[in-house]
Amino acid sequence: MGKKITIEPVTRVEGHGKVTIHLNDQGKVEESRLHIVEFRGFERFVQGRPYWEVPVLVQRLCGICPVSHHLAAAKAIDLIVGTTPETIPPTAEKMRRLMHYGQVFQSHALHFFYLASPDLLFGTDAPVESRNIVGVALKHRDLARKGILMRKFGQEIILATAGKKIHGISAVPGGIHKNLPIDERNRFLHNPDEPELTIKAMIDWSQEILEFYKDYHRKNQNWIDSFATFPSNFLSLVRKDGAMDLYHGVLRAIDTHGNKILPDIDYQEYLNYFQEEVKSWSFMKFPFLKSLGPEQGWYRVGPLARVNTCDFIPTPLAQKELDVFRSYTYRAPNGMSMHSHHARLIEMLHCAEMMDRLLMDPDLQGTEFIKKGTRQEEGVGVIEAPRGTLLHHYRVAPDDQVTKCNLIVSTTHNNTAMNRAVRWVADHQISGKTEITEGLLNQVEIAIRAYDPCLSCATHALGQMPLEVILFNASGEIIDEASRS
Amino acid sequence: MKPHDLKKKILVYGIGNPGRGDDGLGWEVIARNQESALPQVEFCHQYQLQVEDALLLKNYEIVIFVDASRKAESPFNFETLFPEPRLPIYTHHLSPENLLGLCQELYSYVPQAHILGIRGYEWELKQEISPPALENLEVAIGFLQEILKNLQWDPILLQFQIGAKSP
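As you go down the protein sequences, you meet chains A and B in turn.
Take the position in the first sequence, starting the count at 1, then add 1330; the result is the number in this note's numbering.
Take the position in the second sequence, starting the count at 1, then add 456; the result is the number in this note's numbering.
Honestly, the hints are just simulated from the structure, not real lab data.
Keep in mind that a hint or two might mislead.
[Said to hold, decoys possible] Some but not every residue of chain B turned toward chain A, in silico, with C-beta under 10 Å: (1) Gly475; (2) Gln502; (3) Tyr503; (4) Gln506; (5) Glu561; (6) Leu562.
[What the hints assert, rightly or not] Under the rule of at most 27 Å between Cα atoms (straight-line distance), these lysine-lysine pairs were calculated in the BS3-like manner: (7) Lys1508(A) x Lys1701(A); (8) Lys1494(A) x Lys582(B); (9) Lys1734(A) x Lys582(B); (10) Lys514(B) x Lys605(B); (11) Lys1494(A) x Lys465(B); (12) Lys1494(A) x Lys514(B); (13) Lys1570(A) x Lys1590(A); (14) Lys1530(A) x Lys514(B); (15) Lys1494(A) x Lys1702(A).
[Said to hold, decoys possible] Derived CB-CB ranges, DEER-like: (16) Ala1727(A) x Pro539(B): 54 to 62 Å; (17) Glu584(B) x Asn1552(A): 52 to 60 Å; (18) Pro539(B) x Gln1731(A): 50 to 58 Å; (19) Asp1534(A) x Ile612(B): 38 to 46 Å.
Beta carbons are placed, not taken as given, at the ideal position from N, Cα and C, and that holds for glycine.
Okay, chain B solo, but in the shape it has when bound:
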């Protein structure tokens, strides 16, 4: 089911803490792209996902979360996300999958969702991104921009086709 009253189709949502080194990768992606003025794309960033983000998600057809990752293969992983029926113990640590599950329960709707996990290396209290993470960032930004330019709506599958290939 599609949400009604859509104003924008695509949300790019950066998550993380720019005060903790490479955890700021998500925000940096948003900062570098939000002036790009791509049609029907909105950008936002937040320290961590909160339950009220379910309100935000219901307004979009596709959501791309961008976050730093300790485990992704360099330079990044790009994965499709699905609603997670298993409930979190800590409401403070809502995952994108939990958020999709909440959106589904509250609004009977789930946007198509993906996560761009950029490999990071340093997580201490500082505001700089490490040099190897910066290299990954550049590659990830190129990939994201290619996705956003080449998204194709598939009327049969009722979803966006991701045109870009991840490394």
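One chain only, chain A, in its complex shape:
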């Protein structure tokens, strides 16, 4: 009699998902799936709203990465009001960039310290009660303290640029509605109330955490290199000259050998290149490159993709770290899922360097906030959110109401990749075992967490689900179940 093992929901992932693994009578994996079971239908109820509400409204998709939605929507609506990322005033562009780097910085800190580090520090067999940041704090106090301060710093940047830490309001169609006064700027250079919260400290700590991780990798090389490793294509924005650019650029995809399979396209044309497949067992779609079809055209997005697709990083310390990262694979694209953590930390350093650069830019105190031109009917905004490429597409009627909304979020881009990772774990770690331990089940979650998924975004969902584990036989009958609340 076959068994179906269910992990529901996946802990320490924003939002909730369910993993099912179906074993045959011999205990071998026949099938595994990451089911996304929540649905809210954001794309539908944005329709009919006036376009100027969109940058604020779409942030309600997610309390974890609202800034990314705020900015992607603003970039799309910029085109509606007749401006572009290249023509908005410098103050607006740089305020938005600073906001974005603050967001990515604190999000990466959140993921590494709170979500990934318990696994890295305690291993896959640690009790579930210790596999969280409180557990990290108990055993690695200095690391936990710095993680919390780095997250706080990023949130303070968001507060200063977006107006609020969550669901900010400052990006408006055609620009921004505030600048960064010099006294507020100075607080990030020297903070008498909290002396550790300075941009220089953030750069230093980012480097320190990178050294911690590299040391960790040296000691745990085998499992980091082999765990959930598989070849894939990669997609991200890059600047027109090939530099890493998390805020704006052209869309590039490469294959597992580094060959371009999407040659730096204008993302306004994305529908010519991408398609989304729907499967009956998940509310999350499966995007792919049309030219290669659904089986070959799927790809990964996020930090690992970005360090693979870019030609260089335009900040010196992060570029140096990228050289180290790339030397490990002799400059070939890196397909090792757990190396996402290393890539994430390189990006965290890059964001710290970019924030340092922007904080010294006098354009942040400029007074031209908005520019508009000839009204358009349609606009696409793409940004590299912490978890990967985020796309917002709107069509607006002459009466200013949104008539079409299409959102492809990072976690959706990674849908196939996450399913492949779950299958890898199932094949390598669960097949043929006579006992299913919690450590084995946690490895499935580790594989998913390397992609830092935000399932709230991917289904535009909200709400709480009790934790249920359901065991089915091959006939679909429940033979065991347990719950956690």
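Assemble the complex: chain A is given as a structure, and chain B must be docked to it using the hints.
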């Protein structure tokens, strides 16, 4: 052990989601009180507690969490909180007790802490507080204001004495 460099002694911290009916009770308490200009009292609100709130807590001698409650007896419960050594499974759902535990571990300090749990009844997606919850809110606000005016520092027990009586 007291934290050094204290600027304010008392924090009133409202938690909840004002977009979900009575879950906005915590925020409403803050909104009604933050202009009160009581000495050494600060007010803040947040959707949910996060680990970085441990940084905030270490700056106060007493913290009063204010939240809606599904289980409190009407109109509210008022309880003392203690650090919780049992770790949460979900970092997204940090309780005040977990936060106190984290503060203790990171900064070797725990403020005196209480929770004012106001009984709520309706939790759907809407921005209004239900009429019965509003009644509880008024009583709770009166109670809170009395606490804040009458807090007495006990130098023997090294804690604040709560002067007001809960119903």
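Status of each hint after checking the structure:
1. Gly475: holds, 8 Å
2. Gln502: holds, 8 Å
3. Tyr503: At 6 Å from the nearest chain A Cβ, Tyr503(B) passes the 10 Å test, so the hint holds.
4. Gln506: holds, 8 Å
5. Glu561: With a minimum Cβ separation of about 5 Å from chain A (threshold 10 Å), the hint on Glu561(B) holds.
6. Leu562: holds, 6 Å
7. Lys1508(A) x Lys1701(A): Distance of about 14 Å is within 27 Å: holds.
8. Lys1494(A) x Lys582(B): With a Cα-Cα distance of about 21 Å, the restraint between Lys1494(A) and Lys582(B) holds, given a limit of 27 Å.
9. Lys1734(A) x Lys582(B): holds, 25 Å
10. Lys514(B) x Lys605(B): holds, 22 Å
11. Lys1494(A) x Lys465(B): Status holds; Cα separation ~25 Å.
12. Lys1494(A) x Lys514(B): holds, 23 Å
13. Lys1570(A) x Lys1590(A): holds, 14 Å
14. Lys1530(A) x Lys514(B): Judged against 27 Å, a Cα distance of about 24 Å means the pair holds.
15. Lys1494(A) x Lys1702(A): holds, 25 Å
16. Ala1727(A) x Pro539(B): 54 to 62 Å: Between Ala1727(A) and Pro539(B), where Cβ atoms are some 56 Å apart, the hint holds.
17. Glu584(B) x Asn1552(A): 52 to 60 Å: For Glu584(B) and Asn1552(A) the Cβ distance comes to about 58 Å; the hint holds.
18. Pro539(B) x Gln1731(A): 50 to 58 Å: Taking Cβ atoms as reference, Pro539(B) and Gln1731(A) lie about 52 Å apart, which means the hint holds.
19. Asp1534(A) x Ile612(B): 38 to 46 Å: holds, 45 Å
Consistency with the previously given hints is maintained throughout, with no hint failing.
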